[in-house]
Amino acid sequence: MNDLTPLPAAKGCRETPVLKERGQREVFCGLTGIIWLHRKMQDAFFLVVGSRTCAHLLQSAAGVMIFAEPRFATAILEEGDLAGLNDAHDELDREVGRLLARRPDIRQLFLVGSCPSEVIKLDLSRAAERLTEVYAPKVRVLNYSGSGIETTFTQGEDACLASMVPVLPATDRRELLVVGALPDVCEDQMMELLNGFGIDTIRCLPARSIEADVTVGPNTVFALMQPFLGDTKDALERRGARHLAAPFPFGEEGTTAWLRVIADEFNVSDEVFEAVTRAPRDRARRAIAQAAENLNGKSVFFFPDSQLEIPLARFLTRECGMTAIEVGSPFIHQGIVGPDLDLLAEGPIISEGQDVDLQLDRARAARPDLTVCGLGLANPLEAEGLATKWAIELVFTPVHFYEQAGDLAGLFSRPLRRKGLVSGLSPRLEAAE
Amino acid sequence: MKLTVWTYEGPPHVGAMRVATAMKGLHYVLHAPQGDTYADLLFTMIERRNHRPPVTYTTFQARDLGSDTAQLFQDACQGAYDRFKPEAMIVGASCTAELIQDDPGGLSELMGLPIPVIALELPSYQRKENFGADETFFQIVRNLAKPVERTERISCNILGPTALGFRHRDDIQELSALLYDIGVDVNVVAPLDATPTDITRMGAAHFNVLLYPETGEAAARWLEREFKQPYTKIVPIGVNATRDFCAEVAGLTGLPCRADESRLRLPWYSQSVDSTYLTGKRVFIFGDATHVIAATRIAREEMGFEVAGIGCYNREFARQVRNLAKEIGVEALITDDYLEVEQTIEALQPEMILGTQMERHIGKRLGIPCAVISSPVHVQDFPARYSPQVGFEGANVIFDTWVHPLVMGLEEHLLHMFRDDFEFNDEAGPSHHGGHAPAASAQGGPAPQPAATPRDISEPEKVESGEIIWLDCAQKELKKIPFFVRGKAKRNTENFATSKSVREISVETLYEAKAHYAR
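Here the protein sequences come in this chain order: B and X. Residues in the first sequence are numbered consecutively from 1, following the numbering used here. Residues in the second sequence are numbered consecutively from 1001, following the numbering used here.
Honestly, the hints are just simulated from the structure, not real lab data. These figures come from a predicted structure and were not determined experimentally. Misleading hints may appear alongside valid ones.
Stated by the list, open to error - Here are the simulated BS3-like cross-link-like pairs (lysine-lysine), alpha carbons at most 30 Å apart as the crow flies:
1) K1476(X) / K1490(X)
2) K1024(X) / K1326(X)
3) K121(B) / K138(B)
4) K1488(X) / K419(B)
5) K1002(X) / K121(B)
6) K1364(X) / K1281(X)
7) K1364(X) / K1514(X)
8) K1024(X) / K1002(X)
9) K419(B) / K1228(X)
10) K1228(X) / K1024(X)
11) K1500(X) / K1476(X)
12) K419(B) / K1490(X)
13) K1326(X) / K1233(X)
14) K1514(X) / K1490(X)
15) K1500(X) / K1479(X)
16) K298(B) / K138(B)
17) K1085(X) / K298(B)
18) K1490(X) / K1500(X)
19) K1228(X) / K20(B)
20) K1085(X) / K1024(X)
21) K1233(X) / K138(B)
Said to hold, decoys possible - Partner residues are not named here, just some residues of chain X that face chain B (Cβ under 8 Å, in silico):
22) T1007
23) T1037
24) H1051
25) T1096
26) S1124
27) K1326
28) I1328
29) S1506
30) T1509
31) Y1511
No residue lacks a Cβ here, since even glycine has one placed at the ideal position from N, Cα and C.
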């Protein structure tokens, strides 16, 4: 498939038995994806039908209130809504009516299911159909579930994109569809690279606006930009599109491998490939090398968070010289991360799901140089002397493709550099108890 | 169904977490789906706690709903007991678990654990965070406190401080010192830093100081009824309130209760001529009722402000706030809808807001200075320095905090004299705040994609710095970089270009420079 990325001398991790755990999880639910999705799709509004907890989560996970009225809100279920379901539908219609009257710029409305709305079986797909009839063609109303009983963190984006696939217009054209909500700067760089190959029928899902002409059909081939898009992949395959499996475009190697798969599909010559990628590859290597000085020879332990863990472990071990002790992921989709697992040298524990106390025991025993974990665990582990990297930043920061490869390595090296800089403080380091 | 964008209070189980996290030796088993664990980060990130909150989430999933979530709950309880060996446990349900009606209380009782297990009933679809904290603390006290002999010396308990409270950490230190100073021992402070064993000896105190009625009143009432411990009604925030509080304690104890005021500076600072400009400043006050009531008195009696309106978000205390509003002749705003608060502020056009982090944002939008007086809290509300609100040092802190956002003394006059000065005008804000910097952003966590500032749009297509020219495409690329690092990127790129004798900056140059400076 790809002569540029030799398989590791040792065996890869694809056949490694996966440690499956079932216990307390320290992860966000799928609603969290709204925080970046609402910025990506500038004509979309996300209406969570849920509880005060859902509203509080969105407010807290965002970390900062984006005070210009954000394009998301929570319709909080109250005692009365739980008593009779008919009322809940009427109430929802009323709130949507008010919302769309106040926000005439909204063209797509997502009704987002939550734990409570799923448990009381509030049928949001019926609501979405009904509301689409009322507001079409001006507003398209879709629904998906971001509930914690069904989705983990980034699976919310997967559920959202998967809900859009059935309503994409059909096409027979041979097109490349690139899937996953990326920061604009990464998306633009990707377009430039692919245009450089001479591929010009490229669509992105999600598009920045509903006006963008995103279509799908039997001649569509698609590449994923994020490893957590399993349901979206299945939905696209049901529409006849074909998946191009590839390592994910993190780091120089990942980006090159990802581009290579697409280049091969579109019969791009080696000369063209080389001409387009040589300069940015060189830059990426140099940038990574600088940031990796602090990472070389260090060990890393991933708590499950965003499903980016396997591709990132591949990047850190192969391009930054780190050793992976454990790579935990909330969910491992072999059909998607297989190519990354092939490249990740055998050795680390590969774990799926979580029992947080057991995993903390393993991390404490292993004393990794760097622990990648969620915000709830980071300070407690720092207080135990372990350097940590907040996993959520990996989702909120431009990290894909060549020009961000150095930044990506920098995200991991900064905590280690910082630990070195302020190490003189540690014996008397005080924190709230 | 109620449409909500931002909320002042979380759900009631977060209130229970504030109590559990405040205490030591207590564990909370919460029947909840994954995702509800987000609440941990409130404590580990906003408050920078160095321990995980002592909470076990049962983490049920959709596939469990058809089978046995009750067993899952019991397994989690047993696991938590075995691992953490707490002195006592509290058990309850979050909003979703409330719907599946597994009865955590009954289930945990059946297990016969050898420690007290306290069941919480917190109606998630009716009540909110403060209620959750108040009720949880009350249940803990009701279940654990036992009649004990009074201490020999006069002593009190301090009720109400929790984790994630507004300056609770420093308030109890200040209050304990004040009480010691006037001859009263502190028997137990709870919930903050108390163990279940400490709770059992609360009855030894002669009276209770109800420091935060929002989170301690139910317990105070119960202790008054059961143990005949009277509780204080005055919250000692502000100079006059602190003096009245001392008098109240004197009344309860028969002690003289004369406090040392030698380090109290607010009265003189407020009387000094520099403070003349504070006279009659119109302020709008909003927050939790306790802090609003205290701030209203300070504003009127100690700062010489004019109070234009007051309000609170916790309906439980609406009556007190309404009464106070009536007394001072203003409208009371009782709401948890921040849009309504914003409208009120817009209509009143105060010169300053004393509010929460929400009002700080409203103030930013409307260009009105704001000082924060109450929760909901933000990472900024946990300063490294000692900064209580309570007592005489609290009064000093409040003076500084409230004056800081204002344009000071003569500067205000100059602004009026030369309104159109290009760099020294209303828009620029107080000069001691560095008014030309972009608005402070992203406190407490990484922001997703901040919006571009309007400032950037007005930049010309080609910018010349010395001899270096930015090509359009590079200029466009530069704008994609978040505004708070854009300046640095621009500077680095130009330095890089200069060092390479490149005169025109292209996208290529931009990224060459980026790679060059990568760390």
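Now the hints, each set against the structure:
1. K1476(X) / K1490(X): 12 Å, holds
2. K1024(X) / K1326(X): Not satisfied, since the Cα-Cα distance of roughly 42 Å exceeds 30 Å.
3. K121(B) / K138(B): This hinted pair holds, its Cα atoms lying about 28 Å apart.
4. K1488(X) / K419(B): Between K1488(X) and K419(B) the Cα gap is close to 24 Å, so the pair holds against 30 Å.
5. K1002(X) / K121(B): Judged against 30 Å, a Cα distance of about 19 Å means the pair holds.
6. K1364(X) / K1281(X): 18 Å, holds
7. K1364(X) / K1514(X): 33 Å, violated
8. K1024(X) / K1002(X): Distance ~37 Å between K1024(X) and K1002(X) Cα, so the pair is violated.
9. K419(B) / K1228(X): Distance ~53 Å between K419(B) and K1228(X) Cα, so the pair is violated.
10. K1228(X) / K1024(X): 27 Å, holds
11. K1500(X) / K1476(X): 22 Å, holds
12. K419(B) / K1490(X): Holds, because 29 Å separates the two Cα atoms, which is no more than 30 Å.
13. K1326(X) / K1233(X): With Cα atoms ~20 Å apart, K1326(X) and K1233(X) stay inside 30 Å; holds.
14. K1514(X) / K1490(X): 10 Å, holds
15. K1500(X) / K1479(X): 23 Å, holds
16. K298(B) / K138(B): 54 Å, violated
17. K1085(X) / K298(B): Violated, at roughly 35 Å.
18. K1490(X) / K1500(X): Status holds; Cα separation ~15 Å.
19. K1228(X) / K20(B): Measuring from Cα to Cα gives roughly 56 Å; hence the hint is violated.
20. K1085(X) / K1024(X): OK: K1085(X) and K1024(X) at ~12 Å, within 30 Å.
21. K1233(X) / K138(B): At roughly 58 Å apart (the allowed maximum being 30 Å), K138(B) and K1233(X) break the hint.
22. T1007: 5 Å, holds
23. T1037: 5 Å, holds
24. H1051: 5 Å, holds
25. T1096: Holds, about 4 Å.
26. S1124: 6 Å, holds
27. K1326: With a closest approach of 30 Å, the K1326(X) hint is violated.
28. I1328: Hint violated; I1328(X) Cβ to chain B Cβ min 30 Å, cut 8 Å.
29. S1506: 12 Å, violated
30. T1509: Violated, about 11 Å.
31. Y1511: Since chain B brings a Cβ to about 5 Å from Y1511(X), closer than 8 Å, the hint holds.
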